[in-house]
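For chain A, the structure is supplied; the task is to place chain B on it using the hints.
This is what each chain is made of:
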Amino acid sequence: MRIASSPFPLLGCLLATSLGCAGARVSVTAHTAKYPVSFSGAIRDRGGVLHATPTLQKVGGFVAARTSVGLAYSTISLPGTWDVSEEINRQVQAAGGEAVINFRLAVTGSCAALNNFFLLNALPLWPGCAPLEASGDIVVRAGVPRD
Amino acid sequence: MLRATVQTTEPRLSMTKRTGFHVVSRVLCLLPLMSWTLGCASAELQATSGHVPVLLGPVACIGCKPGAAGPAQDRPFDAEVATTITGIFGQSTLISSIQGGSIGEVADSSVGDLCTGEIRLDSIKASVFHIETFVYSRASYYIGARGHAVTVPGGVCGLRLYPSVEAPSGRVSP
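Protein chains in written order, with the numbering used here: chain A, 1 to 147; chain B, 1 to 174.
Hint data in this document are derived by calculation from the structure and do not stem from the laboratory. All of these numbers come straight from a predicted model, not from anything done at the bench. There could be a bad hint or two in this list.
[To be verified] If you only want the chain B side, here are some residues facing chain A, beta carbon under 10 Å, derived:
{"no.": "1", "residue": "Ala41"}
{"no.": "2", "residue": "Val54"}
{"no.": "3", "residue": "Leu55"}
{"no.": "4", "residue": "Gly57"}
{"no.": "5", "residue": "Glu118"}
{"no.": "6", "residue": "Ser137"}
{"no.": "7", "residue": "Ala139"}
{"no.": "8", "residue": "Ile143"}
We put the beta carbon where it would ideally sit given N, CA and C, even for glycine.
In isolation and in its complexed conformation, chain A is listed as follows (with noise of 0.2 Å):
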């Protein structure tokens, strides 16, 4: 009797099966992209020569960043698309590079604590949230001229 009278018990039993989650899914393209960029070391050029990094040459190094915001428990995802042409093409020529390799893409943990937030993200309007990060360099081949 003493413990049914009691309300925390009960808040007890709403913590402990309160189910909350949020995230969020996110495409990443690079369909206008003006250079080849590779997720390895290796590229070829249009000879069909495969350079690597004895014949490449490091000008620049490529960093873009995004975050796309997730509703209703990661169904939608604002954006759902990340392209990111726009950045490579602008970054390769202001570093006056001819390809971007050792691309790299991340996903990292630094939206944790909106994901996170206890009860609240049981809400389907809670917003959760994935950060991207893409790198790379950015390179010429050495002793080429330019196309």
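Below, chain B without anything else, positioned relative to chain A:
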């Protein structure tokens, strides 16, 4: 009788208040703890250990036009990286999975010849998802890449294939 009831009720209320503050304070302490234990993870898609180009976007080579017709597709390519952390009352466990150890190695093994083969990615999907109850929490970080391997007609290795010519499976003839 009424006086007796009041005397027994008041101490219970104050005890309940103390217990309530105790529970709330513990919950408030656990909230950041749960967030911190799940907040240090990430998943990274990279292929720096690979020897073949793993291409994203419409430009296949230096000096090539965007959207130029590529060679025929050889076989599908599928790779993913994922990091999952589960926690029970702050005791977190990290689980990482990288298919094939690195997608660079997956790419190398997906082509027939390291000098002529390459990977062209069609789609990359990334997601973060946290799910939790009071006693259990789980954070998942995922990046998946899909594409296809192709053989480039006339493709040749350059002066040297980095980092050395000792490529996996001995399939490189420099």
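Checklist line | Evaluation of the interface hint that places Ser137(B) against chain A, nearest CB under 10 Å | finding: 7 Å, holds
Check: At a threshold of 10 Å, is the proposed contact between Ile143(B) and chain A supported by beta-carbon distances?
Finding: Ile143(B) check passes; min Cβ-Cβ to chain A is 6 Å, inside 10 Å.
Note to self: Does Ala139(B) hold up as a contact with chain A if the rule is Cβ-Cβ below 10 Å?
What the structure shows: 7 Å, holds
Next item on the list: Tell me if Ala41(B) is really an interface residue toward chain A, meaning its C-beta lies closer than 10 Å to one of theirs.
Entry: 5 Å, holds
Check: Given Glu118(B) was flagged as interface, is its beta-carbon under 10 Å from a beta-carbon of chain A?
Finding: At 7 Å from the nearest chain A Cβ, Glu118(B) passes the 10 Å test, so the hint holds.
Check: Is the interface hint for Gly57(B) satisfied, with its Cβ closer than 10 Å to some Cβ of chain A?
Finding: Since chain A brings a Cβ to about 3 Å from Gly57(B), closer than 10 Å, the hint holds.
Note to self: Can you verify the interface hint for Val54(B): is its Cβ closer than 10 Å to any Cβ in chain A?
What the structure shows: This interface hint holds because 4 Å falls under the 10 Å limit.
Notebook entry, point to check: Hint check: is the beta carbon of Leu55(B) less than 10 Å from a beta carbon of chain A?
Noted result: Leu55(B) check passes; min Cβ-Cβ to chain A is 6 Å, inside 10 Å.
Every hint, counting from the list given before, is met by this structure.
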